[in-house]
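With chain A's structure known, arrange chain B on it following the hints.
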Amino acid sequence: MTAAIRRHALTVYAMLAFAYLLLPIAVVIAFSFNDPKGRFNYVWQGFTLDNWRNWNAVPGLSDSIVLSLEVAAISSVVATALGTLIALALVRHRFYGRGTTNFLIFLPMSTPEIVLGASLLALFLNLQFATGFTTILIAHIMFNISYVVVTVKARLVGFDRHLEEAAMDLGANEFTTFRKVTLPLIAPAILAGLFLAFALSVDDFVITYFNAGAETTFPLFVWGAARVGAPPQVNVIGTAIFVLALAAMAANIALQSRRARQAKGLT
Amino acid sequence: MNWLHRHRGLVPYLLLAPGLAWLAVFFLVPLGFLSYQSLQSGTFDFGFVFDWAFYNYWDAITRYEDHLIRSFVYAGLATAIALVVSYPLAYWIAFRGGRWKNLFLLMIIAPFFVTYLIRTLAWQNILADQGMVVGILRDLHILDSDGRLLATSTAVVAGITYNFLPFMALPLYVSLEAIDHRLIEAAQDLYASKAKAFLRVTLPLSLPGIFAGTLLTFIPAAGDFINAQLLGTPKQHMIGNVIQSKFLELIDYPEAAALSLLLMAFILVGVLAYSRALGSERLTG
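Sequences listed follow chains A and B, in order. Residue numbers are given in our numbering: position 260 of the first sequence equals residue 260, and the series is strictly consecutive. Whatever position you read off the second sequence (first residue = 1), add 267 for our numbering.
So here's chain A without its partners, still in its complex pose (with noise of 0.2 Å):
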């Protein structure tokens, strides 16, 4: 008896905090649905479709939206690429400076946000280098490097080095082997640490906001509207990244379980 009280209780307990974790996506994606009278979007006043119909109303947001993606976009590539050579090295190679490696790869990960766009700001002053575009990319490069280390390293690990074997064994050189074999393996990995980049970079807002100078990426633009009263598009554009993002997710999850089977009907 105590024990089945006991059950329900803790499945009680992990429903309320799913409800507490989900709460605040409801509210955002009720209130892109908002019809506010005055400048603040707080208040429940009634249902429109305007907010979606008109999203590009506010000036300046979907230039915001382009220049956060065009960030997006190519700081993910570079740190992708970069920080897949490392996970490579670090998976496959026994050399000296291992040790010292993982550590710089670690160091980024627990500096807190605001140090490391307070540092970079002041080497940008100190070398009268102007804050813009570059430097924002700069930036996201660096804080992404670290995330596609450790995503891919994770996915590497576990690889079968004998297929690679296989492939030099049957007369294929280092080359053809690494485009043939190693690349379609690792592909996964690799676009796993894409995705994550991608994502840190469009949701970064405090290293972005010290390097920024001028420009506006799109949390800069809801920063700076929620000082005056945010309008309900900024809702309507989270709830699409939202939105997105669960797709994109969710795609993931079923190509893996896809391969999973696939794998488990080869054996």
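Estimated spans, in silico, between C-beta atoms of each pair:
1. B:R467 x A:H162: 38 to 44 Å
2. B:F311 x A:K180: 55 to 61 Å
3. B:V292 x A:A187: 27 to 33 Å
Which bits of chain B does chain A cover? Going by a derived footprint, with three or more residues having C-beta under 8 Å, they are:
4. 275-288
5. 365-375
6. 476-489
7. 531-540
No lab work stands behind these hints: they were computed from the structure. C-beta: ideal position from N, C-alpha, C; glycine also.
Same frame as chain A, but now just chain B:
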């Protein structure tokens, strides 16, 4: 290719070079410049001069003692609450999640899919004076009839807790999921009560998750300024707010730099002490 063949030992370094160079130039060197900046004196109008101005640190500590303490108290509270909220949740997913585990994990990280600033603004909505939560709490007389949630310490700590909770829940889940259920059964076979089996087997085995989760939550929480800005008032401002305004609004670079490095140093000392206390060499291997 032949050249690489003859110098195989160089391959890892060639792979590392571009990425580590980026981190060196745009992470390590900037920390050096931050230190350099923190020892300058002067004003924006007359220019800053490097003159080993160590008093910047003393000034920073004495003038912003309250903000520093508040940052660590808020971050500590948020970390503790996140642990209490996520441990049972992670436990439930790991042991009762069944075939829906992936879906439940997706629900844990779902907040991350909403832009950080937007989900914090959603808490502004939820905790607003005209909002539902305040209304219910006033009706239940938990809050006075003119009591508020927004613009209080409670709101700031709640916001920080919410924003970093997935960082706590995920490592907890990973460590709980890895526990061999037979160990718990063995403890129960040997007449340990359920509670005792949990305290002596499950909890110790989940320590690495607790360790990783508390660090991943505490570090960003201590440096945060967004929650204090959006959900609090200047009375709730943390050290991050001071650094931000000194760097970007007041243009007092030396003191802002000193405060940033102090924040980093305090966190580092805290992390080292904490890992000592938990015996992390054993935990992380």
